[in-house]
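Trainee: Sequence:
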Amino acid sequence: MKKLSASLFAVILVLSTFSIANAVNNNNIVFVRCIVELDTPPLIEYVKNLGKTLDQRDVARYRENLILLHQNILGRISNRMKVLEVRNFLNVLNGFSIKIPKNLIYAVKSLPHVKAVHEDCKVETFLDHSVPLINADDVWKLRDSLGRNVTGRGVTIAIVDTGVDYNHPDLKDSYLGGYDFYDNDDEPLDENGHGTHCAGILVGNGNASDHRYVGVAPDAGLYVYRALGPNGDGAVSTIMAGIERAVDPNGDGNLSDHVDILSLSVGIENREGNPDDLLSMVVDNAVDAGVVVVTAAGNNGPYRHTVVSPACARKVIAVGASTHLQNSHPSGGPDHVAIYSSRGPSKIYSIKPDIVAPGGDVNRKASTPNEKYAYGIVSTLAHGASIGSPVSEDYTRLGGTSMAAPHVAGVAALIKQKHPDWNPMEIKATLRYTAVDIGYPTTDQGFGRVNALAAVNLSSPPPLAFLYATGETCVGTVYINGTATARNFSEYALYYKYVGRRLYEDDFDSPGQWTELYASNSSVDEGVLYRWNTTSFKDGWYIIKLVSTDTKGRKSFDMIIVDVENSRRFIINIPEYAIEGRHFNVSISDDHNNPVDSFIIFRQPFKLPQIHYGSNVTFYARPITRPWINSVDARIYVIVLSSGKIEVHILRLPIYNT
Numbered sequence: 001m002k003k004l005s006a007s008l009f010a011v012i013l014v015l016s017t018f019s020i021a022n023a024v025n026n027n028n029i030v031f032v033r034c035i036v037e038l039d040t041p042p043l044i045e046y047v048k049n050l051g052k053t054l055d056q057r058d059v060a061r062y063r064e065n066l067i068l069l070h071q072n073i074l075g076r077i078s079n080r081m082k083v084l085e086v087r088n089f090l091n092v093l094n095g096f097s098i099k100i101p102k103n104l105i106y107a108v109k110s111l112p113h114v115k116a117v118h119e120d121c122k123v124e125t126f127l128d129h130s131v132p133l134i135n136a137d138d139v140w141k142l143r144d145s146l147g148r149n150v151t152g153r154g155v156t157i158a159i160v161d162t163g164v165d166y167n168h169p170d171l172k173d174s175y176l177g178g179y180d181f182y183d184n185d186d187e188p189l190d191e192n193g194h195g196t197h198c199a200g201i202l203v204g205n206g207n208a209s210d211h212r213y214v215g216v217a218p219d220a221g222l223y224v225y226r227a228l229g230p231n232g233d234g235a236v237s238t239i240m241a242g243i244e245r246a247v248d249p250n251g252d253g254n255l256s257d258h259v260d261i262l263s264l265s266v267g268i269e270n271r272e273g274n275p276d277d278l279l280s281m282v283v284d285n286a287v288d289a290g291v292v293v294v295t296a297a298g299n300n301g302p303y304r305h306t307v308v309s310p311a312c313a314r315k316v317i318a319v320g321a322s323t324h325l326q327n328s329h330p331s332g333g334p335d336h337v338a339i340y341s342s343r344g345p346s347k348i349y350s351i352k353p354d355i356v357a358p359g360g361d362v363n364r365k366a367s368t369p370n371e372k373y374a375y376g377i378v379s380t381l382a383h384g385a386s387i388g389s390p391v392s393e394d395y396t397r398l399g400g401t402s403m404a405a406p407h408v409a410g411v412a413a414l415i416k417q418k419h420p421d422w423n424p425m426e427i428k429a430t431l432r433y434t435a436v437d438i439g440y441p442t443t444d445q446g447f448g449r450v451n452a453l454a455a456v457n458l459s460s461p462p463p464l465a466f467l468y469a470t471g472e473t474c475v476g477t478v479y480i481n482g483t484a485t486a487r488n489f490s491e492y493a494l495y496y497k498y499v500g501r502r503l504y505e506d507d508f509d510s511p512g513q514w515t516e517l518y519a520s521n522s523s524v525d526e527g528v529l530y531r532w533n534t535t536s537f538k539d540g541w542y543i544i545k546l547v548s549t550d551t552k553g554r555k556s557f558d559m560i561i562v563d564v565e566n567s568r569r570f571i572i573n574i575p576e577y578a579i580e581g582r583h584f585n586v587s588i589s590d591d592h593n594n595p596v597d598s599f600i601i602f603r604q605p606f607k608l609p610q611i612h613y614g615s616n617v618t619f620y621a622r623p624i625t626r627p628w629i630n631s632v633d634a635r636i637y638v639i640v641l642s643s644g645k646i647e648v649h650i651l652r653l654p655i656y657n658t
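Note that my numbering has the sequence shown beginning at 1, numbered continuously upward.
There could be a bad hint or two in this list.
[Claimed, not checked] Simulated restraints on C-beta separations:
1. Ile67 / Asn149: 49 to 55 Å
2. Ile67 / Tyr106: 22 to 28 Å
3. His583 / Gly75: 41 to 47 Å
4. Asp276 / Val114: 15 to 21 Å
5. Lys115 / Asn573: 47 to 53 Å
6. Asp183 / Asp257: 47 to 53 Å
7. Ser522 / Asp276: 27 to 33 Å
8. Ser522 / Val114: 53 to 59 Å
[Claimed, not checked] Calculated pairs, DSBU-like style, for lysine-lysine (alpha carbon to alpha carbon, straight line, at most 35 Å):
9. Lys109 / Lys82
10. Lys102 / Lys82
11. Lys82 / Lys99
12. Lys607 / Lys555
13. Lys82 / Lys141
14. Lys555 / Lys545
15. Lys545 / Lys645
16. Lys645 / Lys141
17. Lys102 / Lys141
18. Lys141 / Lys538
19. Lys141 / Lys109
20. Lys555 / Lys538
21. Lys115 / Lys82
22. Lys115 / Lys102
23. Lys141 / Lys122
24. Lys109 / Lys48
25. Lys122 / Lys99
Worth flagging that the hints you see were computed from the coordinates, not collected in a lab. Just so you know, these numbers come straight off a predicted model, no measurement behind them. We put the CB at the ideal spot given by N, CA and C, even for glycine.
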């Protein structure tokens, strides 16, 4: 690690002689916001790699070198072009966000040690008798090792959102401080109402309602980082700034003061999340720093493949929404997965959401807030805000996965108070292990609905079973990566089930027998579980299941879906998504980059199919006629004649409503 720090200093010396040439002066310049990612590790990754040899002096030196690196690169950029709105990231990402002329993005990309330049995407909130349902009130009767009731006492939670009305009677006793990254001041007050509502579910003490409306962890401490504006939207960079501060609240570079829990009811809306995008990487790094990260899955249900970023990230706890009231409408009663709740699997075919929690019901066709949120969640209302269906001057009713996530974050705080030595992945495993199966497919409910009492009552964490998928097609020998550990580890085993050439949406739950692929009595922590030679397996889709067992006989599991293709491979290029009213291209080639003519069919729901023949064709995404629908799932069918056989490839393509 000292060698890495020394190498970083050498990079700084090299950069001191580098500049961007031939920048253009133009009064008609269009400025864009972007995030510049550098190729040296952020502070969290550096600390993680140090492991047991951690020396805080080395960490401080590395941080100083990161700062110098940023100063040098930004200096070279600002010497040649106008740079606005700079924000540096050292902990969860090594990089910075800037606003620069659009025509000079490629010049920035060409700088040494610039790994990538990312769009600073728009981020939105997820609005669309819960505490007793998840047994949180029963947890409050339990005692921790110091004899205190388990109410979140001594646990710190950060919320990155629209801010919070920290003067609210239910919230002022929990407030520990924060920052407003939207307006860049020390007062992260809520001008929207979304963040205040989420905070009440987390830590509200019910003072304004004679303790009728009490949050899940009413004695936890709350840090507030405002990242979104009055309309409930903002940018990825401001969300990242809040996360950066949550892992180092006093900003001194020593990450040991990180918050215990981070609750995120925000994300990149209206598109399927990518577990390898910038925001997902940042939240996974926060988990590596020791923070339990809980995220809302999104409100794009009931369609599959709609879990957003950062909920799709590998290490976070993604939360879908369930209902909590009798006669709940339109989802059909209590303990149902809400119709609007985003469904999995993830883009890389892993289980998402992880669990569901009460988020209330939302009637999307209603004409008034009172009708829309009649079966929503009652929580704190920011004074001066107009949001949801008000119950009084202090409370309002809302619904969405935004409301589900803080329920789970609150339960995580209760677990952390009772078991302060449990790490984030052990808490995630506990929430999965104790969740209540409410009868929905895994793609809808994950492992089930959160159960606070069962989770807190565990005397030790269950075995850890996590598969880390890539989403890549399996050819030849591939690595199955993941974690299979326990405090009292016994063994792990991998199983497979063949699904077939076609993949249907609920295949985590498809019938058939499991066949053992491999077993071992050696634990693995974020490493290779098995090197799988797929050449003797027939082509098609497989479910891979990991089962981890401890000496108490407890078993945890995880699953991913993989595609094995060892015969002649065809590479089909389609966009990540299409926009209604616009054209898009589909092309097909073989593994030697030769064009392959084929019949290509585009089938959009409720529309006549479009059919073309060729290796590179263009289709038109017709408008979505129902304005309340954010997206629809279309299908691309590619029919290829190869070696006398007909092959049919079916690909999913989301069409988004503008």
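Trainee: With reference to the structure, classify each hint as holding or not holding.
Mentor: Now for the hints, and whether the structure bears them out:
1. Ile67 / Asn149: 49 to 55 Å: violated, 44 Å
2. Ile67 / Tyr106: 22 to 28 Å: Check passed, 26 Å falls within 22 to 28 Å.
3. His583 / Gly75: 41 to 47 Å: Check passed, 43 Å falls within 41 to 47 Å.
4. Asp276 / Val114: 15 to 21 Å: Given about 18 Å between the Cβ atoms, the range holds.
5. Lys115 / Asn573: 47 to 53 Å: About 24 Å separates the Cβ atoms of Lys115 and Asn573, which means 47 to 53 Å is violated.
6. Asp183 / Asp257: 47 to 53 Å: violated, 25 Å
7. Ser522 / Asp276: 27 to 33 Å: For Asp276 against Ser522, whose Cβ atoms are near 28 Å apart, the range 27 to 33 Å holds.
8. Ser522 / Val114: 53 to 59 Å: violated, 40 Å
9. Lys109 / Lys82: Distance of about 16 Å is within 35 Å: holds.
10. Lys102 / Lys82: holds, 11 Å
11. Lys82 / Lys99: holds, 9 Å
12. Lys607 / Lys555: violated, 47 Å
13. Lys82 / Lys141: Roughly 59 Å separates the two Cα atoms, so the pair is violated.
14. Lys555 / Lys545: It holds: about 12 Å lies between the C-alpha atoms, which stays within 35 Å.
15. Lys545 / Lys645: holds, 32 Å
16. Lys645 / Lys141: violated, 66 Å
17. Lys102 / Lys141: Judged against 35 Å, a Cα distance of about 58 Å means the pair is violated.
18. Lys141 / Lys538: Measuring from Cα to Cα gives roughly 55 Å; hence the hint is violated.
19. Lys141 / Lys109: violated, 56 Å
20. Lys555 / Lys538: holds, 30 Å
21. Lys115 / Lys82: Since the Cα atoms of Lys115 and Lys82 sit roughly 21 Å apart, the hinted pair holds (cutoff 35 Å).
22. Lys115 / Lys102: Within the cut-off at roughly 18 Å; holds.
23. Lys141 / Lys122: Violated: Lys141 and Lys122 sit about 42 Å apart, past 35 Å.
24. Lys109 / Lys48: Cα-Cα ~28 Å, so holds.
25. Lys122 / Lys99: holds, 14 Å
Checked against the numbered hints above, the structure violates hints 1, 5, 6, 8, 12, 13, 16, 17, 18, 19 and 23; every other hint is satisfied.
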